[in-house]
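Here the protein sequences line up with chains A and B, keeping their order. Under my numbering, residues 1 to 286 are what the first sequence spells out, in order. Under my numbering, residues 1 to 217 are what the second sequence spells out, in order.
Everything labelled a hint here was simulated from the structure, so no lab data went into it. Please note: incorrect hints may appear among the correct ones.
As the list claims (entries may be wrong) - Restraint ranges, calculated between C-beta atoms of paired labels, are given here:
#1 Ser128/B / Ile11/A: 50 to 56 Å
#2 Leu26/A / Ser139/B: 34 to 40 Å
#3 Gly38/B / Leu263/A: 38 to 44 Å
#4 Leu83/B / Leu274/A: 56 to 62 Å
#5 Gly38/B / Gly283/A: 47 to 53 Å
#6 Met110/B / Leu274/A: 46 to 52 Å
#7 Lys94/A / Gln121/B: 29 to 35 Å
#8 Gln115/B / Ile270/A: 16 to 22 Å
#9 Gly107/B / Lys280/A: 52 to 58 Å
#10 Ala28/A / Glu50/B: 34 to 40 Å
#11 Ile270/A / Gln121/B: 32 to 38 Å
#12 Glu113/A / Val170/B: 44 to 50 Å
#13 Ile32/A / Ile90/B: 30 to 36 Å
Glycine included, each C-beta is placed from N, C-alpha and C at the ideal position.
One letter stands for each residue in the lines below.
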Amino acid sequence: MASILEKLEKILEKLGNMDRRIIFILIALSVIIPLTLNLIFPNPVGAEPSRDMYEYVDALPSGSDVLLSFDYDPSTMPELQPMAIALVTHLMRKDINVVGMALWPQGASLGQEVMSSVADSLGKVQYEDWCNLGYKTGGGIMIVRLGSSMNAVFPTDRDNLSWDEIPMLEYISDLTSFDLIITLSAGDPGIPAWVMMAGDRFGVPVGGGCTAVSAPQFYAYLQTGQMVGMLGGLKGAADYETLVGIQDGQAVKGMAPQSIAHLVIMSFIIIGNLAYFTQKKKGGRG
Amino acid sequence: MNWEILGIWLGAMLTLCLYSFLYRDNPFYKFAEHLFVGMSAGYWVIYTIENVLKPNWWQQMFPEDGGFNWVWIIPGIFALFMLARIIPKIAGLSRMALGMIIGAGAGVNMVGFFQTNAMAQVKGTIISISSGGAWDIFSSIVLVVGVVSGLVYFFFSKAHTGIVGRTANVGITILMISFGASFGYTIMARISLLIGRCQFLMFDWIPTIPRLLGIGG
Numbered sequence: 001m002a003s004i005l006e007k008l009e010k011i012l013e014k015l016g017n018m019d020r021r022i023i024f025i026l027i028a029l030s031v032i033i034p035l036t037l038n039l040i041f042p043n044p045v046g047a048e049p050s051r052d053m054y055e056y057v058d059a060l061p062s063g064s065d066v067l068l069s070f071d072y073d074p075s076t077m078p079e080l081q082p083m084a085i086a087l088v089t090h091l092m093r094k095d096i097n098v099v100g101m102a103l104w105p106q107g108a109s110l111g112q113e114v115m116s117s118v119a120d121s122l123g124k125v126q127y128e129d130w131c132n133l134g135y136k137t138g139g140g141i142m143i144v145r146l147g148s149s150m151n152a153v154f155p156t157d158r159d160n161l162s163w164d165e166i167p168m169l170e171y172i173s174d175l176t177s178f179d180l181i182i183t184l185s186a187g188d189p190g191i192p193a194w195v196m197m198a199g200d201r202f203g204v205p206v207g208g209g210c211t212a213v214s215a216p217q218f219y220a221y222l223q224t225g226q227m228v229g230m231l232g233g234l235k236g237a238a239d240y241e242t243l244v245g246i247q248d249g250q251a252v253k254g255m256a257p258q259s260i261a262h263l264v265i266m267s268f269i270i271i272g273n274l275a276y277f278t279q280k281k282k283g284g285r286g
Numbered sequence: 001m002n003w004e005i006l007g008i009w010l011g012a013m014l015t016l017c018l019y020s021f022l023y024r025d026n027p028f029y030k031f032a033e034h035l036f037v038g039m040s041a042g043y044w045v046i047y048t049i050e051n052v053l054k055p056n057w058w059q060q061m062f063p064e065d066g067g068f069n070w071v072w073i074i075p076g077i078f079a080l081f082m083l084a085r086i087i088p089k090i091a092g093l094s095r096m097a098l099g100m101i102i103g104a105g106a107g108v109n110m111v112g113f114f115q116t117n118a119m120a121q122v123k124g125t126i127i128s129i130s131s132g133g134a135w136d137i138f139s140s141i142v143l144v145v146g147v148v149s150g151l152v153y154f155f156f157s158k159a160h161t162g163i164v165g166r167t168a169n170v171g172i173t174i175l176m177i178s179f180g181a182s183f184g185y186t187i188m189a190r191i192s193l194l195i196g197r198c199q200f201l202m203f204d205w206i207p208t209i210p211r212l213l214g215i216g217g
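Kindly produce the complete structure, drawing on both the sequences and the hints.
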């Protein structure tokens with residue numbers, strides 16, 4: 001028994017001094033292998049903020065107007081682009097008018113990519129069912145201005161078409177014209193600015209999606225009812241894809257490598273702790 | 001030349017150059033890093049001119065239908081004041097521009113920020129612990145105990161001994177659990193980015209290799 005424990009301690013000691021590059025390789029393999037094998041894990045969606053978001057959008061009547069702000073750039077595309085695709089698909093399937101805009105410069109192009117491709121697949125017409133107003137600088141201060149006049153901030157859309165020439169904007173005057181504002185946020189400006197200015201100041205319901213890094217700080221807005229729902233990181237995107245019924249979505253595909261990589265990381269955290277306490281017990285540096 | 005394939009190859013090579021740092025620092029990584037910093041700087045200069053200065057200042061001063069709105073000279077002067085920091089003799093002028101930015105920012109945000117992030121959160125903590133099911137009651141108790149004990153931990157005017165010390169210990173435990181949740185979410189975010197890059201390399205880049213070599217159509 002004593003010899004087995006000694007052997008175990010030696011193994012733990014070796015693992016504790018493992019070259020970090022081996023861990024990198026294992027993490028890489030835990031992502032590459034499931035992707036190669038096209039592994040898809042079941043993604044049950046419970047009573048989570050992503051379901052709240054879905055149910056709120058689902059309850060909107062056809063013909064409602066939704067402002068969708070693409071507040072991210074390519075660096076956070078793996079998390080936020082699948083959310084954008086799932087949300088736009090859901091909105092357009094329900095015949096909801098989608099008005100896109102961006103608080104981040106590159107968000108306007110990423111939003112255009114999503115809206116035009118989903119619209120083409122569902123037979124939706126630009127300027128009648130959807131439009132993209134483009135990027136505007138100013139963050140929160142600009143949102144305050146949107147609260148008094150949308151037209152003043154966006155005299156033209158992204159393609160320089162005049163506001164008055166876009167039929168779907170005929171009855172849009174300011175933020176309160178919208179039934180819901182959705183922000184896909186990678187940082188600042190993003191969810192806090194929309195909640196603070198559009199939600200709390202003008203009383204427009206705000207929902208959104210964000211990167212996993214920033215998700216914990218926004219849970220407070222859900223509990224207080226300042227947000228109607230939230231998609232947090234790749235898991236949130238996978239939840240929405242599942243709820244909307246998007247088969248083989250990017251986020252759902254990403255959940256298998258995500259889960260396996262998490263298991264690898266958790267294993268190393270446990271091994272690292274065991275090695276630490278073993279060394280400490282032996283009187284080492286710990 | 002097929003620009004799409006060229007773009008994919010550039011992206012793939014730079015991705016591999018950056019990930020090579022995981023092995024150790026090397027010239028490929030340095031090259032990609034410097035290229036990224038340089039291109040970002042150039043990109044943002046042009047983007048700011050085209051998307052901020054032109055539509056929000058220049059086109060306001062010289063509208064398309066002709067004329068000249070002299071009032072837009074004022075923000076132009078303030079913008080020049082910002083650059084005054086470069087010349088030590090007149091560096092003080094930049095304070096005027098900074099003062100205006102900070103003043104306007106504080107004015108717009110102060111009430112809204114306090115309302116959204118303080119008042120609404122305090123109101124959210126004042127809840128009934130007797131409504132809802134068992135889980136709701138448990139959640140409400142955790143919320144109230146967590147907020148109060150967390151605040152006690154940051155109350156330094158009284159020594160953390162006795163009941164105050166024990167409450168502070170509960171507070172730090174709650175804080176540690178929330179840091180753990182944040183750490184978990186951070187890992188999820190980083191792995192998501194790795195998945196995104198792997199998907200790009202495996203499904204966008206690798207399929208171009210046989211095409212370039214003329215294999216498999």
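Status of the hints after comparison with the structure:
Our hint of 50 to 56 Å for Ser128/B and Ile11/A holds, since their Cβ atoms are close to 54 Å apart. At about 37 Å, the beta-carbon gap between Leu26/A and Ser139/B stays in the expected band of 34 to 40 Å. For the hinted restraint 38 to 44 Å between Gly38/B and Leu263/A, the CB-CB distance of approximately 39 Å keeps it satisfied. About 58 Å separates the C-beta atoms of Leu83/B and Leu274/A, a value consistent with the hinted range of 56 to 62 Å.
Separation of Gly38/B from Gly283/A is about 52 Å and conforms to the stated range, judged on CB atoms against 47 to 53 Å. Range check, Met110/B to Leu274/A: about 51 Å between beta-carbon atoms, so the 46 to 52 Å window is met. For Lys94/A paired with Gln121/B, a C-beta distance near 33 Å keeps the hint of 29 to 35 Å intact. Against the hinted window of 16 to 22 Å, the Cβ-Cβ separation of Gln115/B and Ile270/A comes to about 44 Å, which falls outside the hint.
Between Gly107/B and Lys280/A the C-beta distance comes to about 55 Å, which sits within the given range of 52 to 58 Å. Between Ala28/A and Glu50/B the CB atoms are about 39 Å apart, so this pair conforms to the stated range of 34 to 40 Å. Our hint of 32 to 38 Å for Ile270/A and Gln121/B holds, since their Cβ atoms are close to 35 Å apart. Taking the beta carbon of each, Glu113/A and Val170/B are about 49 Å apart, inside 44 to 50 Å as hinted.
Judged by the Cβ atoms, the range 30 to 36 Å given for Ile32/A and Ile90/B is violated: they are separated by roughly 57 Å.
The structure does not agree with the numbered hints 8 and 13 stated previously, though it agrees with the rest.
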